[in-house]
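Engineer: Spelled out from the first residue to the last, the chains are:
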Amino acid sequence: EAGVAQSPRYKIIEKRQSVAFWCNPISGHATLYWYQQILGQGPKLLIQFQNNGVVDDSQLPKDRFSAERLKGVDSTLKIQPAKLEDSAVYLCASSTSTGNYGYTFGSGTRLTVV
Amino acid sequence: DQQVKQNSPSLSVQEGRISILNCDYTNSMFDYFLWYKKYPAEGPTFLISISSIKDKNEDGRFTVFLNKSAKHLSLHIVPSQPGDSAVYFCAARGSNYQLIWGAGTKLIIKP
Chain A
1 EAGVAQSPRY
11 KIIEKRQSVA
21 FWCNPISGHA
31 TLYWYQQILG
41 QGPKLLIQFQ
51 NNGVVDDSQL
61 PKDRFSAERL
71 KGVDSTLKIQ
81 PAKLEDSAVY
91 LCASSTSTGN
101 YGYTFGSGTR
111 LTVV
Chain B
1 DQQVKQNSPS
11 LSVQEGRISI
21 LNCDYTNSMF
31 DYFLWYKKYP
41 AEGPTFLISI
51 SSIKDKNEDG
61 RFTVFLNKSA
71 KHLSLHIVPS
81 QPGDSAVYFC
91 AARGSNYQLI
101 WGAGTKLIIK
111 P
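Each protein sequence line maps, in turn, to chains A and B.
Okay, so the first sequence: first residue is 1 according to our numbering, each after it adds one.
Okay, so the second sequence: first residue is 1 according to our numbering, each after it adds one.
Some clues are possibly wrong.
Claimed, not checked - Computed cross-link-like contacts, DSS-like style, restricted to lysine-lysine with a CA-CA straight-line distance of at most 27 Å:
1) A/Lys44 with B/Lys110
2) A/Lys62 with A/Lys44
3) A/Lys44 with B/Lys106
To be verified - Label pairs and their computed distance ranges (CB to CB):
4) B/His72 with A/Asp74: 24 to 32 Å
5) A/Trp22 with B/Ile18: 37 to 45 Å
6) B/Asn67 with A/Trp22: 37 to 45 Å
7) A/Asp63 with B/Met29: 44 to 52 Å
Hints are computed from structural coordinates only; laboratory data are not their basis.
Bear in mind that the values here come from a model prediction, so they are computed numbers and not experimental data.
Glycine included, every Cβ here is placed at the ideal spot set by N, Cα and C.
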């Protein structure tokens, strides 16, 4: 079984630029999560999808962050414009359903905003 | 407002001994608790969980204990092995099924 694929692995951008991250979950996993992990902190949920619908985006800074999962498979998370405090690892995870916490995480994208 | 706290940023244990990782929480409404393990440059992997109606769950070398009155849980690893060296995250499930994560404890197993 292939794991959760994320790209790119690393990204360095200047503040006010835009950036996009891509995630392809495990085949058949209906639930997809985007987490932000700032250095020294635990992961924080940004958005949760069930198929192509949003279940929870209460902690997504919607003035600058957006995410979509149009066909209920892969997903894109975008930041526009980026701020210095957005420097973090962005983790994508998937599971068979909401409430199944045996998430499978991708390796993450490390974003540095300078 | 940290609802889940892991107060030890790091822990060093001799190989073969017991590793005990601790986690405290503040919200009595949490009903499910999980431990994840993370190696460098990889995403976290699910390790073990416990429901709030239980006080112990065991899986091989890993045991999680829950003390609801103290709002405290711990992960015991016996015996500790070099491959256990990683960052361990405690997480709790809130009312909207969202997981609230601790900041992690880095476990170092010394040979």
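Engineer: Against each hint, give a clear statement of whether it holds in the structure.
Structural biologist: Quick rundown of the hints versus the structure:
{"no.": "1", "hint": "A/Lys44 with B/Lys110", "verdict": "violated (31 Å)"}
{"no.": "2", "hint": "A/Lys62 with A/Lys44", "verdict": "holds (15 Å)"}
{"no.": "3", "hint": "A/Lys44 with B/Lys106", "verdict": "holds (18 Å)"}
{"no.": "4", "hint": "B/His72 with A/Asp74: 24 to 32 Å", "verdict": "violated (40 Å)"}
{"no.": "5", "hint": "A/Trp22 with B/Ile18: 37 to 45 Å", "verdict": "holds (42 Å)"}
{"no.": "6", "hint": "B/Asn67 with A/Trp22: 37 to 45 Å", "verdict": "holds (42 Å)"}
{"no.": "7", "hint": "A/Asp63 with B/Met29: 44 to 52 Å", "verdict": "violated (30 Å)"}
Of the numbered hints given earlier, the model fails hints 1, 4 and 7; all others are met.
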